[in-house]
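Between the sequences and the hints, there should be enough to build the whole structure, so can you do that?
There are 2 protein chains.
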Amino acid sequence: MDTKMSMDNLLRAICEKQNPTVAGLDPKLDYVPQYIKDKAFNKYGETLKGAAKAILEFNKCLIDALHEVVPAIKPQAAYYEMYGTAGMKTLYKTQEYARSRGMYVITDGKRNDIGTTMEAYAAAHLGKVKVGNEEYEPFMGDALTVNGYLGSDGINPLIKVCKENDKGIFVLVKTSNPSSGELQDLLIDGVPVYERMGNMCEKWGEELPGKYGYSGVGAVVGATYPEQIAELRKKLPHTFFLIPGYGAQGATAKDIAAAFDANGLGGIVNSSRGIMTAYKKEGCDERDFAGAAFREALRMRDEIMGFVGKIQLP
Amino acid sequence: MDTKMSMDNLLRAICEKQNPTVAGLDPKLDYVPQYIKDKAFNKYGETLKGAAKAILEFNKCLIDALHEVVPAIKPQAAYYEMYGTAGMKTLYKTQEYARSRGMYVITDGKRNDIGTTMEAYAAAHLGKVKVGNEEYEPFMGDALTVNGYLGSDGINPLIKVCKENDKGIFVLVKTSNPSSGELQDLLIDGVPVYERMGNMCEKWGEELPGKYGYSGVGAVVGATYPEQIAELRKKLPHTFFLIPGYGAQGATAKDIAAAFDANGLGGIVNSSRGIMTAYKKEGCDERDFAGAAFREALRMRDEIMGFVGKIQLP
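Chains as they are written, first to last, in full-length UniProt numbering: chain W, 1 to 314; chain F, 1 to 314.
Hints are not guaranteed to be accurate.
One copy or two, it doesn't matter: identical chains are merged, so the pair holds either way.
No farther apart than 30 angstroms at their CA atoms in a straight line, the calculated lysine-lysine pairs in the DSSO-like style are these [stated by the list, open to error]:
| hint | residue 1 | residue 2 |
| --- | --- | --- |
| 1 | LYS235 | LYS39 |
| 2 | LYS17 | LYS130 |
| 3 | LYS128 | LYS39 |
| 4 | LYS130 | LYS43 |
It should be emphasised that the hints constitute simulated quantities derived from the structure, not laboratory data.
Written as structure tokens, this is what we have:
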């Protein structure tokens, strides 16, 4: 993998591992095995810091288990913010550790704002921040999920930071939840809102062209809406999809098949709960949670690759 | 003021102070006087922590200067996230300090997600988090700005947490930026997207009724679109407005007048840059930055009250 981590790097990693999936790290404390929590609480008490330390150990073990077969992680910012400052430190340490293990990091923050404020978010998650004469990387994402409701004023600052730092974004287009249609499916001159948002992704992506046909501006398209995936794949040929909703939310590999092009590229499928809580479903010893996560990751890979076929870079 | 901090409390605070404005704390390091930065950098180096400590001192001085005349602060999360974990600690400490000075805290995070993930954001910013047998408040907002693109699945978890903890939200409806119309102004059966979002606010607000006619679900409506403000004020009688765009973005007090009802209630107007950098505009000694902020806050209050008239609770 190149040292830089653009969307092209994600595609290369997917191809190398023949695996278009990403492990979502949305670590509820309930998911963390008791022995890890006990250890952290003994040392730090039943505190936000204790919770954050337990989650960090859980995440590191999962990354150790998964990094050879899964190309990327997707930490969900909300589950770190809920443990306050200590939780944000665990987010950083998780990103840093995944990167040290060669994984691509998609920070799921759904951030959105305008102008200089969006520049601040971009600097926080994808860029660098200058303090006096020194430069720092506040968080360590390779890509960030964002919400485009505010229009180009909210996306252009991101594009600028992506260009400077070779990073990517995924814009919410058609989300996986049941009520996503309340706004996203409404028709404007016969075209649904989500398709208009998708068209904007194609346009914004012209500023960040990729080597393999997909730009640095991806789209979040829920696995739970197979017809829309198929339709958007045709209409958005340069937009790479981040696909939530597989597994726990009810979508199957078959539902997602249409996201992929003739080269087996086109999207990356997320599983969070399925992987993190595999040890509960398997019923194995909780100390084998990382092994169970690995086995579930292989099962998911094989199931999805059954529909995708071989992945190759064009 | 009651001990609980619902949207009603915000209205009471506005009435008590006869001032429908909020001080936006979007502290770029450039805004912080050199003597404060020097002090922090001498102690902590030119580091993220040094920057975060400088910003905290800047914020505390502003809060000291403003709290007797301005009812609320609105810290913008992006400007804290950009200094990493240290920045998030400054966000917390700023919120805590403002609350100790009796100010209402609107966390401007524009958070959005679905289901349990949105619950995690709600717990982080408006609720409490349980670790073992202990409960903690990760951040200290009284209200949070949110993005409703994902529909009810993204808002209902917030409503639940708002009910349990007596908090409020402000949903992005018509934002103040030039490109807000790219999506928000598009017509669906003759009704623009922003109005549909506003109608959803009215509906969601039924779950959080207020004593003074306005619910716990507010709307962000930009001062830069005076016609839309007037129209939305009529169509959304139970939705309180958070109004950005005054001053630096070009809107005047006259543009905002239509946001207010016969009692002088209906919205709260934000100024960030105008207040934080008043000392630069005034050209006074940088050590008088808090005095300059106070003078600008009075000027803004008087200008807006000139159009609002007396504020009274119904």
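With identical chains treated as interchangeable, where does the CA-CA distance between LYS130 and LYS43 reach 30 angstroms or less: within a copy, between copies, both, or neither? between (35 angstroms within a copy, 18 angstroms between copies)
Regarding LYS235 and LYS39, is the shortest C-alpha distance of 30 angstroms or less found within a copy, between copies, in both, or in neither? Neither way: LYS235 and LYS39 sit 51 angstroms apart in one copy and 56 angstroms across, limit 30 angstroms.
With identical chains treated as interchangeable, where does the CA-CA distance between LYS128 and LYS39 reach 30 angstroms or less: within a copy, between copies, both, or neither? between (35 angstroms within a copy, 23 angstroms between copies)
At most 30 angstroms between CA atoms: does that hold for LYS17 and LYS130 within a copy, between copies, both, or neither? Answer is neither: 36 angstroms inside a copy and 39 angstroms across each miss the 30 angstroms cutoff.
When the structure is compared with the earlier hints, violations turn up for hints 1, 2 and for no others.
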